[in-house]
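Enquirer: Here the protein sequences line up with chains C and D, keeping their order.
Be aware that the first sequence starts at 1, since it is given in the UniProt record's numbering, and climbs by one per residue.
Be aware that the second sequence starts at 1, since it is given in the UniProt record's numbering, and climbs by one per residue.
Quick caveat, the hints were computed from the structure, so don't treat them as lab data.
Any copy will do: because identical chains look the same in the list, a pair fits if it lies in one copy or spans two.
The list that follows gives simulated cross-link-like pairs (lysine to aspartate or glutamate, EDC-like), each with its CA atoms no further than 16 Å apart:
id, residue 1, residue 2
1, K17, D172
2, K486, D104
3, K546, E23
4, K177, E30
5, K546, D320
6, K177, E23
7, K546, D319
8, K546, E478
9, K123, E39
10, K546, E176
11, K177, E188
All of these numbers come straight from a predicted model, not from anything done at the bench.
2 protein chains.
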Amino acid sequence: MTDLFTRHKPLLESALKALETREFWTPFPEVPSGKIYGETAKEEGESSYAALLGSAFDLPGHPEEGRVGSEVSPWGAELGITYPAAAPETLVAASEQAAPAFADSSVEVRTGALLEALVRLNKMSFLLGHATMHTTGQAFAMAFQAGGPHAQDRGLEALAMAYSELTRSARDAVWEKPQGKHAPLVIEKHWELVPRGIALTVGCNTFPTWNGYPGIFASLATGNPVIVKPHPRAILPLALTVRVLREVFVEAGLPQDAVLLAVDTPDAQITKELAAHEKVALIDYTGSTAFADWIRANSRAQVFTEEAGVNSVTITGTDDFAGMCANLAFSLSLYSGQMCTSPQNLYIPRGGIDTDEGEKTFDAVAEGIKQAIDALLSDPARAAGVCGTIVNPATLERIASARGAGRVIRDSAETGHGRSATPLMVVVEGADGPQNDECFGPVSFLVPCDSAEDAIARAACVARSKGAITAALYATDEALIRRAAKAFAQAGVNLSVNLTGNIYVNQSAAFSDFHVTGANPAGNASLTDAAFVAPRFRRVMIRWPKAA
Amino acid sequence: MTDLFTRHKPLLESALKALETREFWTPFPEVPSGKIYGETAKEEGESSYAALLGSAFDLPGHPEEGRVGSEVSPWGAELGITYPAAAPETLVAASEQAAPAFADSSVEVRTGALLEALVRLNKMSFLLGHATMHTTGQAFAMAFQAGGPHAQDRGLEALAMAYSELTRSARDAVWEKPQGKHAPLVIEKHWELVPRGIALTVGCNTFPTWNGYPGIFASLATGNPVIVKPHPRAILPLALTVRVLREVFVEAGLPQDAVLLAVDTPDAQITKELAAHEKVALIDYTGSTAFADWIRANSRAQVFTEEAGVNSVTITGTDDFAGMCANLAFSLSLYSGQMCTSPQNLYIPRGGIDTDEGEKTFDAVAEGIKQAIDALLSDPARAAGVCGTIVNPATLERIASARGAGRVIRDSAETGHGRSATPLMVVVEGADGPQNDECFGPVSFLVPCDSAEDAIARAACVARSKGAITAALYATDEALIRRAAKAFAQAGVNLSVNLTGNIYVNQSAAFSDFHVTGANPAGNASLTDAAFVAPRFRRVMIRWPKAA
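With the sequences and hints as input, model every part of the structure.
Expert: Put into C-alpha cells, the structure is as follows:
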C-alpha cells in the first residue's frame, strides 16, 4: 500500500523544497472558484452541508457510548448535528489498541495516507467552508480559505517537516571501526522510529482546522495515534476531517482508530480528563494561557501551545497615510479581531507623525483609521463579509467593558447579520491599563506615546512580557526601522513593516511564515519548525556484530 | 573573522555527512599515541597537568569574587587547584551582558570559533586525560578517550546538528503571490535566529566533558551564552574547556563571557540557585532523577536530562559462551560500573541456557561470568586499568548494602590502587527487590527468570518503568531475537545483541549511536538529534513590501 505515497510524492517533494526556500507555494488554491474546484463544487458543498444539518453524524466504527452536539451558528441557525461520544477512558483505550499497528506501519504508508487525506479534504473545501463558517462565525470567503486550503497548507507543511525528520538519518548502517593492523570491528545497526504515545489535539473555536491540522498531521505522520478534541462550539470541521482520515486509513490498511473524535458539551467538558491522562504523551493546544498553565501543571505530556498575546501596531510615520489607514482598517475589522494575529494595541506618538499628507496629530491618525473602518464597513453586507460574527458571547461583554477604559474614538456596532460587532477604538492613557492584557475581539486600544522610540519600546515590551504573534510598524526612517526590527526580534515577535494594499499583518502563510515564534509567552508551537515535529518520535537502535 | 569557519569547513561537512549515514567516523583519534598527537604530546600533557596542581587556575577576565576548589583525586592526591568563583547573580549578569553581541554574531563566526575550540581541545587530549583521570577516577586510557576525543566527537556532533538546523531554511526570501490578472503581491522577508536565552550546563562527576559538551556546544552554536556548572569534584576538565572557549572567542571577536565557569563546593552548591533563576532558559543536566525532578518543578527553562536507569543483560543462549563471559566481564568491570551505559541486571532463565559448550545451568552461567571477571582482574595493575577507582564514597556504601540483597556470587574487592571496588555479583530472587532501581556502581544483580521470554519481558519492563540507556541480549534463536528487538524498542532502549570480542554494550559512538533515546525515563536528551538542538533557538521574521 505504498502506492498512495508514490502517487503523491511530487506533492511531498514540492512541499519539502518550499520549507527550505520559504517562497510562496501552495498546492491548494485559496479562491473558491468553480474553475478550480469544479463547476459543481459550490453546489455540492452547499448540499452536502445542508444534508448534515439536523442529523446524526456518521463516523463508522468509531467508539460510541452516546450522542452529543449542540452547535449553533453565530449566523443564527442551530446545526442540530449529533456526534458519537465516548468517555475519555474509552477513547484512550481505543487509541492504545490502535497504537501498535499504527507505530509499526512504514513512514511511506502513513505519509501516503496523510497526503491522500489532505487532497481529499481539499476537494471538500466548499463543505469545509460552510462547516467552518457556521461554527466559527467567519464569513464564507474567509471560512473557505482558513478552514479549507490554508488549513490544508498547514497540515501539509507539518507532514512534510515530519517526513523530513523521520528520514534525515539512515535507518540501517554498517559501522566499521578500524583496528590498526587487526581486522576492523564491524557492527550492523538498525533504528526503529518509536512514536511518543497517544497525542491529544485540543481544538479552538475560531480556527478549528487551521490551528488543529499542524499537530494532528505531525503526530499522525510520526506514528502517534491522535485524539481530536474539538471545541464544543466548533466540532463539525474537525469531525469531517476525522472522517476523511479514518476512511483513508482503512483503505491504506491502517487502524482507523489511530484518529478519534472526542466530543463534549460546554457544560461537561472532557478536556481536563484527557489532558491529564497518564497515557497521553503529546498535547497540541490552542487557547487561553490560564488553561495552558493548567495543562502544563497537570499533564506529563510534551505540550505545544498557542496562547494569549497582545499584538501591536506602532505608527511613527508613513508615506502613504491613506494606504496605511485602509490597510489597518481591514486588519482591525477582519473577523472582528478574533484572529490570533489581529492587532490590538496601536502605539502612536502623542506629538503626531509625519506623513505624505503632512503632519498628522495623534487624533488625526486615530480619525484616519476610524474613517477608513467606517468606509470599509459602510455597506452592511460588506461589513458582514469582513467582520463575520462574534463566536463567543463573552466577547460582547468585553467590548462593553472596554468602552469604559478611555476615550472612545469609534464605537462598536452590529453589522445586521448574525451576532456581530464592528471594531471599537479606545484611547487609553498611562502605562497601566487594559492594553497590557489580551482583550480578544474587535477592541483596539490607542496608546499615546512620548516618541517613536517610546512607542516601539512599549510595543516590544508588551510582546516580550505578555506574548505576541504579530507586530506591525509604520515608519519612514530607515535607521528607526532597523532599531525597531531589533527590538521586536528580541521580543520574539514577527514584524510587518509598512503594509499597504492587499497584504495584512493578520496573514500567516504556510511554507513561509513561522506562525508563533516560540520566543515569547504567546506559545511554543512554531508552525512548523523542527522543534514542533522532532520530539514527537524517538529513534531506538538494535546493533549486532556483522556475520563474517 | 569567518576564516576559522572557512578553515574548518571540510571538518564540518564531514560531520554533517556522518550524521546522515550513521557510519563510523571521527576526526579525533582515540589512541593516545605520540605518532598521532606528536612525539612530545604525552610529556607535555603530563607536565601541563603537573603545573596546574596546587595553583590558582587562570581564567583571564572571568568574574571572580573569591576562589574555591577542593578536588581530590580518587587515585589519592589532592589537586589543590582553586578556580575563580562568583555568586550566581554575578554570573547571570555577566552572561546577560555577553548575550546581545553573542546573539548578533553570525552562524559562521560562532561555528568557526567552536570548531577551532574543538580542534584545540583535541590537541590537549593528554592534559584533558590527566584532568579527567584525577577528577573522575577513571584509569588513564579511558580518561584520555572519554575525556578527550570521544567527548570532542560528541561536541562536534552537537555543533554540526545545530549548524544543520540553523541553516535548514532560507534567511531571506522574496514571497511573490500571484493575484490572477493583477500584479502579484511581492513581500520581502528576513528571519533573525534568536537564541533562547542563558543556558546552564550542570556537569556530572563521572564524564564531565563527554556528558557536558553536547549541551555546551549546541547552546553556544545557537547563540546562547552558557554557564558551565561543573560537579564540585570534577571541575578541572570543564575549566580547561571553558578557558579554551574563552580564548577562541576573544580571537574571533566574540564576547568571552558567552561561556562562564560556575564553581562551588560540595557543602555550598549553587546549582539550585542557578537552575531556578528566571533568566536561565535552557538547562542541560546529567545526574539523579530526584534532582532532575527538582529542576523540572522549579525552573522555567527548557530542560534536557540524562537521569538514572536500570540497564540490563538478558542471557537466553549463546554460541560463544567464553566470548560472552569475557565480553560481559569487561562491561561489568569497566570503570567499576560507573558508566550510564554499564549493565546492572542480568536476567537468566533459572532452567539454564543452551551454549556452544552444551547446556549451562543458571549457576554455571553466573560462574562463567564470575571466572571471566576474576581472570580479567587477576593482575592488580590491569584491574586498576580496567576498573579505575570509585569516584563517590557513597558507592562503597551501596556495595556493602547490596551484599545483603541475596546470594553473593562474586564479592567486590579493592584493586590496590586508589579508592577502588571490583564487581559484586548477587543473585536476587523474586519480582521485588533492589534490582528494580538503579544501584550505581560495580553491582550486578543476577535475576533468575522462568524462561527466556520472561527474562526479556522483565528486562524490557524495568527499562520502560525505571529507564534504561542500554540493554544487551544473548540469544541464538532468530525469532526470539526479533521478539526481543520489538520489546526493547517499545521500552525505548537501545539493544546490543550477541556482543563478543572488542565491542561492548557500554560503548556509545558519536555520529552513529543516539545516546539516550528519550523514549523512557532515563532522560530526554538524545545525543544528538534534532529535538536536542532545534528548541535552543527561534526564528523571528521581519517582512515588508518589496519596493517596486
